[in-house]
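Engineer: Chains R and P are the protein sequences, given in the same order.
Numbers 571 to 1040, taken from our numbering, label the letters of the first sequence in order.
Numbers 735 to 1037, taken from our numbering, label the letters of the second sequence in order.
Hints were generated in silico from the structure; no laboratory data involved.
Heads up, the beta-carbon is just placed ideally off N, CA and C, and yes, glycines get one too.
No incorrect hints appear here.
Facing chain R, according to a computed beta carbon distance under 10 Å, are these residues of chain P, among others:
hint: 1; residue: ALA760
hint: 2; residue: TRP903
hint: 3; residue: TYR906
hint: 4; residue: ASP928
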Amino acid sequence: MDIINYLKKHENKDMLRFLTCGSVDDGKSTLIGRMLYDSKMIFDDQLAAAESESKKYGTTGEKIDMALLVDGLQSEREQGITIDVAYRFFATENRKFIIADTPGHEQYTRNMVTGASTADVAIILIDARKGILTQTRRHSFIVSLLGIEHVVVAINKMDLVDFSEEKYEEIKKAYGALADELGIKNTYYIPLSALDGDNVVDKSTKTPWFTGKPLLGLLDSMDISKEIKPENFRFPVQYVNRPNLDFRGFCGTIAAGSVKVGDEITVLPSGKTTKVKSIINGGDITEANRTATTGEAYAPMAVTITTEDEVDISRGDMIVHTKNLPTVSNALKVMLVWMDEKPMTLGRAYDIKRATSVVSGSFEHINYKIDVNTYERTEVTSLELNDIASCKMLLTRPIAADSYKENKETGSFIVVDRISNNTVGAGMIVGVTKRDVDSAHLSNKTYSDAEKALNKYIRDNFPEWECKEI
Amino acid sequence: MIDEKRLTHLKQLEAESIHILREVAAEFSNPVMMYSVGKDSSVMLHLAMKAFAPAKLPFPLLHVDTLWKFKEMIEFRDQRVKDLGFDLVVHSNPEGIAMDISPFKHGSKVHTDVMKTEALKQALNAGAYDAVIGGARRDEEKSRAKERIFSFRDKHHRWDPKNQRPELWNVYNTAIQKGESVRVFPISNWTELDIWQYIYLEGIPIPSLYFAKEQEVVEMDGVKILVDDERMPEELRKTAKKEMVRFRTLGCYPLTGAINSTATTLPEIIKEMLLSTSSEREGRLIDKDQEGAMELKKIEGYF
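Work out the full structure, taking the sequences as your base and the hints as a guide.
Structural biologist: So, in structure tokens, the structure goes:
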């Protein structure tokens, strides 16, 4: 192996994050263990540990239980189930992969939503003997809800149906109908056996009728790039860097689009405008050159922007192109996933964290709750753990609102309980609700220095009034 | 419309880590970054220097010195402080010093409990830090694979693996009560290979212990231990042999195994790593004390 050439090649690797959906019974952990093992990510000492544990907890008799390579916590090993999201890593020639390994049990929908939130691709495991089950419908619904555009349907345990092409085609047809119903864009089908490794890394000789790639080859070559509009620049201000009076930079991760020096920008929600003076890309900074700048930057770079004019910009603001303004509103239609044992109460104040802004808000109305298994909609007045519902959310301050469909980074938010501080919900912006769309004009209202000083005085000295910052 | 420009995996990881570091600086009033002098710490320091350029680091670094680190680590650490000008807090457990805790005499468990876990708690309590940035990676160990990037700790620094906050997208919940804290892991999603590749590409300085050299080593519990000073018991030292060795991780010298190697450059180290059949933690004696050892240590407050 020529190591220098190897390193050159690997410098230019891409990254793909995927989610595996299925239960222990579907052979999910076995599949992941198999991918890690066959791509040489499992070391001898880890294998030896799994071997000794196989004797204690294993369920595969004489064979090493691949699932034990990945089932992390001791409590889980004792129960024999995966109870939380775990992240695993492996790499091929072209890509680094991050696997979000999530449980398939119904009560753990919350974990699947968590794993799905960062995934580019979802692998849905189906037991070839059983076909599409209720849990397949549930997993597929969550995958589509979280906007994952690529779904690999892994039809597992083909060894138990004699690698029957008929069985494979039957499941493929049934899933195709489900994908259409949910609007899942790209589906891929693979017949495999995780236990024996058929069509996982290498093409199996037992499925001569299958013309597609094995799982790893597919993941390695799949096109996951998205069309983007550079003018749709979204920059949530994360941190104001002000080491001295001569430098005032606004740090953040570009959520969408791109930006150039000289671009006219608008700060939301204040509506103030200025121009980009310089851009520092964190990636370009070295020990020797701590002031490297760049002419253009794009998502998802972590950059620092300085402006031509001294405008008031703080954490939580959103910088966008002046010629392409998003809607600003405090009343939003959202899809909400409830994640806490304590039910969601209508009208109660929660902290809503979207990108870098934390705004107090409440849910005013539940339009409908959706059943993850049957997709039936019902009317309810509160939400329990793992409920998913369409709601109307009212914020105490307007924000620049993109729909989740348009932009995952700026269209997503978490709900934080103000007493327990727990993350109790996760939401996706669907749109702006009509009645309050005109609240956008609020964002353009400007205040005098005296008004601002009065506001600050009240906030500093009378916090119990819960006065909003202007 | 144009096709999305895609950053390479290392550039994506770098941007993610910078985002996490800035989130800490923006949301917490008294953060600190753990600095253990090893390769992961070196990468974290490098990322932090990028995140806040042209300013200085907005938080201090904390080194829990067990007093049994390799000599070179301490020299390297002090040189980095000089070169980069960050604030460094060093803490050792005074009770441990009084008891003259030694891994040779008291074993790895007692030594780690007193000089690492306890010392860390003391340092964190003394500093009253509300966010503690650590260099743990999810690929290191099974229980780490489930840890959040912003991982909540109660008043007693304890981790509750069954009751972790859901963590979605790149929106991190930073809300805590007074006295509670979070451990933040900006390089969660990096693998050992990523770390080495990044060190190579960016030219990040690391201690020379990572490179193969002829050194005096002894065999202890089947692991090669460097004769780093005269505190190693005489009868052990007598068995020392010169061998070409290097270290895949750095820690307390009596608890860190060397491997036979001829790798004297970064590409050679990476090549060796790619061909290796054992994980980097194999040389660490503390993980093997008991099954699920890391999980228990973490629950108690160890990183």
